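K.L.:
Sequence:
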Amino acid sequence: MTTSVTLESNEFRNLHNALCELRSYRAERKRSGKTLDQIIDQLEQSLAGAYRQEHEDFQRKSDHYDALSYELQLTASIWSLFEVADLTQPHAWPGATHLTYDCYQGAPVVVPIQGDRWADLWCAADQAIRLSGDRHHVYVERFRPTDQDGYLALTTGS
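Just so it is clear: in the sequence shown, position 43 is 147 by the working numbering, and no numbers are missing.
Bear in mind the hints are in silico, worked out from the structure with no lab data behind them.
What you are looking at is a predicted structure, and each value in this text was computed from that prediction instead of being measured.
Please note: incorrect hints may appear among the correct ones.
Stated by the list, open to error - So the derived label-pair ranges between C-beta atoms look like this: (1) Ala152 / Thr192: 31 to 37 Å; (2) Tyr155 / Gly237: 36 to 42 Å; (3) Leu140 / His202: 52 to 58 Å; (4) Ala152 / Gly210: 46 to 52 Å; (5) Gly219 / Arg156: 32 to 38 Å; (6) Asp141 / Gly254: 56 to 62 Å; (7) Leu123 / Val214: 48 to 54 Å.
Backbone N, C-alpha and C fix where the C-beta goes; we use that ideal spot for every residue, glycine too.
Take these sequences, add in the hints, and give me the full structure.
P.N.:
The following block contains the structure:
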């Protein structure tokens, strides 16, 4: 879960009580008023709001990524860094000028980065993946600085 969620006081209280009951159940090795099914139901009800918030956050991000992918005509890659909520914001490496991609097949690819936004990194990643010819590892999963100044390395997944 990459979303920050807020629990209502009654959700937290129910989670805490269910955890206490599970501890008691474990310690006594016998049923202490509630069955495991009832305790699990209590936990699920307490987490329902957090799950809803997480789902809504995921959907909001997915819609943003899809719209930007369409707008920028990114056809070779899929954004998979859900920690980044807004790709129009500056990325974490303002001095980055090039992206390197050691793809799973063929020679490494180096492409320029044309700006300082997350979307600019995605454009460079999309270009690098396209140039690599690898149509299997298309999920943009990570960027990390290399030993060479101004260069970021791209990690992809399938």
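K.L.:
Compare the structure with each hint and give your call.
P.N.:
Hints and how they fare:
no., hint, in the structure
1, Ala152 / Thr192: 31 to 37 Å, "holds, 32 Å"
2, Tyr155 / Gly237: 36 to 42 Å, "holds, 40 Å"
3, Leu140 / His202: 52 to 58 Å, "holds, 56 Å"
4, Ala152 / Gly210: 46 to 52 Å, "holds, 48 Å"
5, Gly219 / Arg156: 32 to 38 Å, "holds, 35 Å"
6, Asp141 / Gly254: 56 to 62 Å, "holds, 58 Å"
7, Leu123 / Val214: 48 to 54 Å, "holds, 51 Å"
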